[in-house]
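These are the residues of each chain, in order.
Number of protein chains: 2
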Amino acid sequence: MPFRISAVISPAESVPPAAAALVVDVIRATTMAAHLLEAGARELLLTAELDAARRLAERSGALLAGERGGLPPEGFDLGNSPREATPELVAGRGVVMTTTNGTRAALRAAAVVPEIALAALVNAGAAVRWAASRGGDVVLVAAGREGRVALDDAYAMGALAAGLRALVPEAQFDDGARLAEALFLAHPDARSVLAVSAAARALEPVGLAADVEACSRSDTLAVLPVLADREGEALRFVPVYPKGV
Amino acid sequence: MPFRISAVISPAESVPPAAAALVVDVIRATTMAAHLLEAGARELLLTAELDAARRLAERSGALLAGERGGLPPEGFDLGNSPREATPELVAGRGVVMTTTNGTRAALRAAAVVPEIALAALVNAGAAVRWAASRGGDVVLVAAGREGRVALDDAYAMGALAAGLRALVPEAQFDDGARLAEALFLAHPDARSVLAVSAAARALEPVGLAADVEACSRSDTLAVLPVLADREGEALRFVPVYPKGV
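Residue numbers (the working numbering), protein chains in the order written: chain A, 1 to 245; chain B, 1 to 245.
To be clear, the hints were calculated from the coordinates, so they are not data collected in a lab.
One or more of the hints may lead you astray.
[Claimed, not checked] Stretches of chain B that chain A covers, calculated by requiring three or more beta carbons in the stretch to come under 8 Å of a beta carbon on chain A:
1) 12-25
2) 173-183
3) 187-199
[Unchecked claim] Partial pick of chain A residues on the chain B-facing surface, computed with a CB cut under 8 Å:
4) L64
5) R148
6) L167
7) E170
8) A171
9) G176
10) S197
11) A198
Beta carbons: idealized from backbone N, C-alpha and C, even for Gly.
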């Protein structure tokens, strides 16, 4: 049976059926998600709306993380900067993350794909090992930016596609996966590509340009946030440490 | 004033405002359009529907060109193969072209952009010279394939983006234009990229794989199909020969 890899590079496109989906919002939501779990957070609850995030956190005693215009909203414990995700702050805690593009992408994927995880460059190896062992086709789903293609997400999807091809050389790629893979293979230096993306440039005026470096690191974290269930409108992700396939 | 280049790589995305749009359906509609005008066709009428195409051709005495499943529909004078566009057949004639993705992309562009042309690799130089001299921002609009990103269109958009950057080095690129340009710059051999696209592979079972070579030629035609006006639901394109900017 063929093993198919699809990449939905644009958030405006529908997600095709697959056994597993890797949702990518590399600057910064899915990078932040991996860092939070690596730092010992017990679980992540993703939700798009600020009010829902505040209600969830109040009910569960979880920390609040997220951003509007790049910075933490009022009353939040953390922003969306991976550098803030320290064990001192998050170990043993649940974290409610509010991220509009990332949550929407995860919801779009969850509507057609049974198994969902959050992938970034920092946990690309873990993501690829997990996805390749789900027993069926894999779809990569970009969060994008304001409904459009995002260069940083396309690049990270390319890293994931190339990693999947390394594990499963006979994998069949759709045009989106080929496009992403070509971008990744042509530019070994992730930081140089991510730095010119619209998402990276939006971090400059709020003094968070250094986050781009954190989002550009490749395969430094072994943890993958995997969708466990829902709590109301929120998606609950728990830490998984995928082994070799 | 900044000169902005945007690329709408996915047909599912909205087209941002600009002074001029280059619509790309490189395998094969926009390549065919350039070949028809180069061979002496007087004008092209683009329409998505078969029935509308037949009515238009009957009314105007134009030739009928287009495909369904890769091959010319019943009663058509030509398919969508650039190799069929010979002066013997088309010189001095109007041609009604039915192409679903290409017409839709042109209509989406025409709804927000005042000046529209059909671009491919074969007339990339002409397209770039024309677009750069429209006096404002340029948007590249991919026809795509079944509502998704198409590798061949992304590659041709990359050639156009790189050409625009050569003419206007200070041009500001959006993420889509950067992604397309990166694909193009990493792969000087157009044919090797186009050949693995879903559009190219769909031509194999109908014996038209040789069309991919015709669509891969770079800058061999000096003519650009430019939108002149509408005739009912159809878009009328006429030949323009852009000079240097």
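Here is what the structure says about each hint:
1. 12-25: holds (count 3)
2. 173-183: holds (count 7)
3. 187-199: holds (count 5)
4. L64: violated, 29 Å
5. R148: holds, 6 Å
6. L167: Cβ of L167(A) sits 20 Å from chain B, so the hint is violated.
7. E170: Result: violated, 15 Å to nearest chain B Cβ.
8. A171: Violated - the Cβ of A171(A) stays beyond 8 Å from chain B, reaching only about 13 Å at its closest.
9. G176: Since the shortest Cβ distance to chain B is 5 Å, the answer is holds.
10. S197: holds, 6 Å
11. A198: Hint on A198(A): holds, closest Cβ of chain B at ~5 Å, below 8 Å.
In this structure, the earlier hints numbered 4, 6, 7, 8 are contradicted, and the remaining ones agree with it.
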